[in-house]
Each structure stands twice: as C-alpha cells, then as structure tokens.
Amino acid sequence: MPYPQFDRSKLNIKPLSERINKTEIEKDHVPLDATPHPLSDFAKPVLEETVERIKKARENQKSVMLVFGAHTIKNGLGPVLIDLIDRGWVTHLATNGAGVIHDWEFSFQGKSCENVEKYVKEGQFGIWNETGFYINLSLIVGAYEGLGYGESVGSMIENEGLNIPSEDDLAQIIQQNILSDPEKVAGAADLLRTIQRFNLKSGWMEIPHPFKRFGIQAAAFRLKVPFTSHP
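Per the working numbering, the sequence shown starts with residue 1, numbered consecutively.
Just so you know, these hints were derived from the structure itself, not from any lab.
This one's a predicted model, so the numbers in the text were calculated from it and none came from an experiment.
Certain hints may be false.
[To be verified] Computed cross-link-like contacts, PhoX-like style, restricted to lysine-lysine with a CA-CA straight-line distance of at most 25 Å: (1) K224 / K56; (2) K118 / K27; (3) K121 / K22; (4) K118 / K14; (5) K184 / K14; (6) K56 / K44.
[Said to hold, decoys possible] Ranges between beta-carbon positions, derived for each pair: (7) N199 / V46: 50 to 60 Å; (8) I20 / A43: 27 to 37 Å; (9) N163 / F42: 47 to 57 Å; (10) L200 / I178: 15 to 25 Å; (11) N177 / E59: 13 to 23 Å; (12) G69 / L47: 32 to 42 Å; (13) K201 / N12: 22 to 32 Å; (14) L47 / A94: 43 to 53 Å; (15) R197 / E122: 49 to 59 Å; (16) N199 / Q175: 35 to 45 Å.
Each residue gets a CB set at the ideal place from its N, CA and C atoms; glycine is no exception.
Let the hints inform the model, and build the full structure from the sequences given.
Okay, here's the thing in structure tokens:
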C-alpha cells in the first residue's frame, strides 16, 4: 500500500521580501583591494603551496577546480571568485545547493542568510516564494534547453529572465519525439506540466537581478566557465 503524498500546496510560502537577512552583499562583500589578514604559521605554507600548484597547472594548460561550501559565498567572497575565473586562474567552480541559493539571492535582492534559529522555530526555514520558484523554474527550463544546473541558474541571472515556450510547441515536441528522443520529451513534459500548474504565459519572462555584478553563477555563464552544483 503506497503512503499518502505530502500536499505541498498547503505550505505557507511567504514572500522573500518579508524575510530577515543577516548579510547585505553591497556592504558585506570582500573587495579585491581589501587588506589581507595575517596568516598563521600553519596556513601560510599551505597557501603558498596552493598558489604554486595553481601556477604550475595553468602553465601546463591543466584544469584548476575550486570546490567550496556555501559559506564562501555567504561570507562575501563572490568578487574574489569572479576575479579568479576572469583572470583564468580557476577553470571550474563547484559548490552545493546552499551555495547556489546564496549566490542567487544576492544577485536577486542583494541580501541573503536568513536567521536559522528564528525560522526553524517558526517552521519557516527555507520556505520562501521567489527562491524556490525562480531557481526551480530556471532548472526546468534549462533542462529543456539542455543546460546543466549552474548554467541554468547563471543564464537566468545574467540574462535577467527566462524564455517560456508555448504549450502547443511543447505538446508538438512531445508527440513527435516520444520514441526518437525520450530525453528531450521528458524535459518538455516537465516544463509543460510546470507551465500549466502555475499558468505561465509563453514568451520572455523578465526577472530583474539588480545585483548580478556580485553573482558568481552569472559570471561563470558569461565567461563560459563551468559552475556545477552538487546538492
């Protein structure tokens, strides 16, 4: 006997504008000309070795992948990461789902980092309309377009919107490719279901991102540097 499905329509999903945030990216980001803090005797040789390894890798035209957690973005290091990929020192960025969320929220509203203790107690933690809606919509559209996770979100931020196909076009793709290209059909069907569920109009959906200059995913998309998410 199957278990009853959780009815997500009963969730009280509040607007992102109502949330209290701890970090404002314009005020709290780390600028490129910031004076570095002194390193400990342990950290200094580690950093020096890392620098030399990166230099050697790039001299030999090898990849340099930077794998990091959400705190790297949360603590305002976006401009530093953007500079590293812009100058070619890092060739691939990889983070987790929380890193994607912080980067998107900074790009969208200039603020992120909700009060975990407060909102967990209220049963509200992580349940915010724009974050869930736009990130997931970008992934569904991106999957239909053949894009990956970070590329889908980065494209939405950089282009400040998404292209929504018509229901008729998607239905035709599904009917014509059901046997020859089931992967394309799966993406089209998922997008069609989403369009119908949220009654989305076809055409260009404008989604302003006034702080996208701080967006790492946007920069990676613009510079054609892989940005992958590993939730």
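How the hints compare with the structure:
| no. | hint | in the structure |
| --- | --- | --- |
| 1 | K224 / K56 | holds (22 Å) |
| 2 | K118 / K27 | holds (23 Å) |
| 3 | K121 / K22 | holds (17 Å) |
| 4 | K118 / K14 | holds (15 Å) |
| 5 | K184 / K14 | violated (33 Å) |
| 6 | K56 / K44 | holds (19 Å) |
| 7 | N199 / V46: 50 to 60 Å | holds (54 Å) |
| 8 | I20 / A43: 27 to 37 Å | holds (34 Å) |
| 9 | N163 / F42: 47 to 57 Å | holds (50 Å) |
| 10 | L200 / I178: 15 to 25 Å | holds (23 Å) |
| 11 | N177 / E59: 13 to 23 Å | violated (46 Å) |
| 12 | G69 / L47: 32 to 42 Å | violated (18 Å) |
| 13 | K201 / N12: 22 to 32 Å | holds (26 Å) |
| 14 | L47 / A94: 43 to 53 Å | violated (20 Å) |
| 15 | R197 / E122: 49 to 59 Å | violated (27 Å) |
| 16 | N199 / Q175: 35 to 45 Å | violated (22 Å) |
In the structure shown, a violation is registered for the earlier hints numbered 5, 11, 12, 14, 15, 16, in ascending order.
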